[in-house]
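Same order as they appear, the protein sequences are chains A and B.
With our numbering as the guide, the letters of the first sequence map in order to residues 84 to 538.
With our numbering as the guide, the letters of the second sequence map in order to residues 130 to 441.
Simulated from the structure, these hints should not be mistaken for laboratory data.
It should be emphasised that the depicted structure is a prediction, and the values quoted were computed from it without experimental measurement.
In this text, a Cβ means the ideal position worked out from N, Cα and C, and glycines have one as well.
Careful, some of the hints might be misleading.
To be verified - 30 Å max Cα-Cα, derived DSBU-like pairs, lysine-lysine:
| hint | chain 1 | residue 1 | chain 2 | residue 2 |
| --- | --- | --- | --- | --- |
| 1 | B | Lys372 | A | Lys132 |
| 2 | A | Lys184 | A | Lys132 |
| 3 | B | Lys341 | A | Lys184 |
Unchecked claim - Estimated spans, in silico, between C-beta atoms of each pair:
| hint | chain 1 | residue 1 | chain 2 | residue 2 | range |
| --- | --- | --- | --- | --- | --- |
| 4 | B | Ile214 | A | Arg435 | 22 to 32 Å |
| 5 | A | Asp396 | B | Ile214 | 41 to 51 Å |
| 6 | A | Thr369 | B | Ala411 | 43 to 53 Å |
Said to hold, decoys possible - Here's a subset of chain A near chain B, in silico, CB distances under 7 Å, partners left out:
| hint | residue |
| --- | --- |
| 7 | Val223 |
| 8 | Thr267 |
| 9 | Tyr268 |
| 10 | Ser271 |
| 11 | Val330 |
| 12 | Ala513 |
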Amino acid sequence: MTSNLTSGEQAAAAAVERSAATSQLRFATAGSVDDGKSTLVGRLLHDSKSVLADQLEAVEHASRSRGQEAPDLALLTDGLRAEREQGITIDVAYRYFATPKRRFILADTPGHVQYTRNMVTGASTAELAVVLVDARNGVVEQTRRHAAVAALLRVPHVVLAVNKMDLVDYAEPVFAAIAEEFTTYAASLGVPEITAIPISALAGDNVVTASANMDWYGGPTVLEHLETVPVGTDPSQDPARFPVQYVIRPQTAEHPDYRGYAGQIASGVLRVGDPVTVLPSGRTSTITGIDALGAMVDVAWAPQSVTLTLADDLDISRGDLLAPSDHAPETTRDVEATVCHLHDRPLRVGDRVLLKHTTRTVKAIIKDIPSRLTLADLSHHPAPGELAANDIGRVVLRTSEPLALDAYDASRRTGSFLLIDPADGTTLTAGMAGDSFAAPAKDAETARDDEGWDF
Amino acid sequence: MTTVTAINADEGAGLYALAHLDALESEAVHIFREVAGEFERPVILFSGGKDSIVMLHLALKAFAPAAVPFSLLHVDTGHNFPEVIAYRDATVARHGLRLHVASVQEFIDDGRLRERPDGTRNPLQTVPLLDAIERNRFDAVFGGGRRDEEKARAKERVFSLRDEFGGWDPRRQRPELWQLYNGRHSPGEHVRVFPLSNWTELDVWQYIAREKIDLPQIYYAHEREVFRRGGMWLAPGEWGGPKDGETVERRMVRYRTVGDMSCTGAVESDAVSIEQVIDEIAASRLTERGATRADDKLSEAAMEDRKREGYF
């Protein structure tokens with residue numbers, strides 16, 4: 084390739100190109116203030132040099148005014164004045180940092196019992212969850228609850244960060260016992276991949292740089308793991324799902340008959356020439372064009388936003404779903420799901436609600452609440468009558484119109500829905516169609532058996 | 130021009146991966162289309178600043194080959210950089226858009242607002258903004274706010290519900306799960322929508338470079354008369370600077386943010402090209418607001434307080 088650019092300009096252009104092509108990882112942290120979660124997050128931001136001088140100055144100033152000598156990194160992630168005054172975290176806060184390898188979006192969620200809904204919210208878009216435990220306390224009720232939320236929400240990767248290793252003399256047996264107990268539990272819930280890392284967020288051991296105090300640990304630091312864990316699922320393994328968001332009809336002299344279906348591919352891969360079925364109507368057509376935001380392409384995949392044109396003039400509008408004719412989901416008006424109730428008003432049998440699934444909102448009625456689930460020990464309480472805020476339970480719904488719903492286990496995007504109060508629009512409940520937990524991964528058992536083998 | 134960058138096969142999901150700018154672009158376009166599908170009268174807040182320019186660019190892409198189904202709203206403090214107003218008007222004309230202007234000056238002239246002693250008009254924008262929303266019955270208002278900008282914004286939703294007084298109550302915000310945005314609202318209420326929520330300052334600049342988006346020239350280094358106030362380089366103008374004891378000098382500067390002239394500071398810079406700007410931001414040790422916004426220095430909770438009252 085010939086170029087008239089100077090070497091400096093080339094380097095700058097290369098830097099832009101390189102940084103523009105990094106991947107993105109969304110992850111969530113769960114744990115309470117006592118586990119040192121805020122310190123871990125502060126340490127990740129600080130040691131990856133994502134904290135800028137004016138932010139650090141503000142933290143140093145606030146720490147001094149509280150009589151603390153060293154800057155309290157936990158203050159970096161405190162948001163609202165209400166929280167600072169009460170020393171609590173009331174909601175999900177989003178943090179952004181980047182390394183040369185990857186760009187990160189962190190959903191920082193508080194871990195107390197009453198905030199299950201925040202953990203569920205943070206985990207809903209996360210591809211990785213960091214669960215913190217205090218090395219002195221080991222796996223406690225709250226740890227099991229965090230593992231259960233990650234499993235319910237089908238977060239593909241879970242990291243167990245065993246924190247405060249400095250307070251247990253960096254002892255390997257302490258770490259090994261906690262890691263073993265947690266891994267067994269999480270694997271039984273169907274969590275596909277678990278990585279345990281011994282850390283001290285306060286001292287910085289194994290957060291960004293490898294610890295000099297734990298020679299016995301040969302695995303990655305937290306940041307190294309975040310930088311290298313595979314992101315996303317391979318869309319070619321999933322059936323395509325395309326919820327129609329908006330119909331584009333310019334009706335101009337230049338485009339008198341153009342009719343494009345705009346949406347974001349929820350899963351899978353779409354190609355020009357693919358036969359598609361429109362749900363719930365069941366009509367069929369063929370994709371004739373894919374406009375990927377200005378570029379006409381032959382193939383597009385999740386989560387790209389595109390505009391499709393079809394061979395036939397069908398009556399298609401917002402709320403319809405396009406799917407490959409040989410892999411179209413069944414439509415149904417009877418929905419069984421696991422839900423997390425989010426609002427302070429309880430959800431009761433007989434409640435009339437709105438159900439929002441992809442781009443489709445329909446009326447629904449709560450037919451039954453067969454059980455409530457205690458996250459800490461996974462015990463079922465039959466016929467609870469209602470679900471209060473932060474409760475997880477099974478519900479049976481009947482909808483006014485058919486839905487093209489996948490099992491949440493197969494597709495987080497097209498297996499999830501919200502229940503909304505028709506009176507004031509409040510978001511009441513988050514729902515996941517199908518079974519609560521995935522079958523335990525067989526690999527976990529195999530992996531433990533393999534430990535004695537030296538490959 | 131290809132808009133999709135496949136990442137190396139050994140990185141992540143392999144062949145069918147999306148680079149982060151493509152993922153951010155797709156997410157923002159999805160948000161624009163959700164609003165177009167669910168609201169009656171949306172409007173884009175357009176100041177001629179880089180974030181609002183990127184928003185408009187995304188909206189144009191989201192609905193092509195049709196026109197953007199929204200109008201634009203500019204809250205004009207009366208202390209704008211002339212280059213930015215010229216850019217605004219040229220952009221509106223080029224794309225055949227409809228622009229509403231809410232004028233702080235008009236509110237001061239007819240007594241509904243009073244000038245602050247320090248001459249800063251940024252906090253005065255809230256009243257004309259809410260007035261324009263109410264008068265035009267806008268039900269969705271797109272803002273260019275980003276969660277990386279400031280602490281109070283880190284907890285902001287993509288769809289942020291405002292009551293009939295435009296107020297933002299952090300405890301009343303709806304949980305936002307997956308990519309399911311709930312835009313339902315009662316009459317009189319409206320929803321602020323932030324399509325750039327997950328973008329950082331660097332992402333915005335990288336996207337401007339990739340898409341070759343034209344910006345007002347003041348974002349690039351130029352020689353300008355400035356004076357020092359409160360640790361910032363401010364430009365003199367009718368808004369009231371400089372005062373006694375402040376001396377004007379010529380320096381090479383550029384703007385990282387563009388707002389009211391009375392409280393938007395320039396940074397000293399030699400970055401005349403977008404590549405140089407990106408290098409400078411990547412190396413900067415100050416946040417965008419810390420470097421250039423006097424209004425956020427008022428107190429630790431300044432933004433939280435203004436948001437509660439209905440600010441952007």
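Item to check | Hint numbers not upheld by this structure, sorted from lowest to highest | outcome: Violated hints (numbers, rising): 1, 4, 7, 8, 9, 10, 11; every other hint is consistent with the structure.
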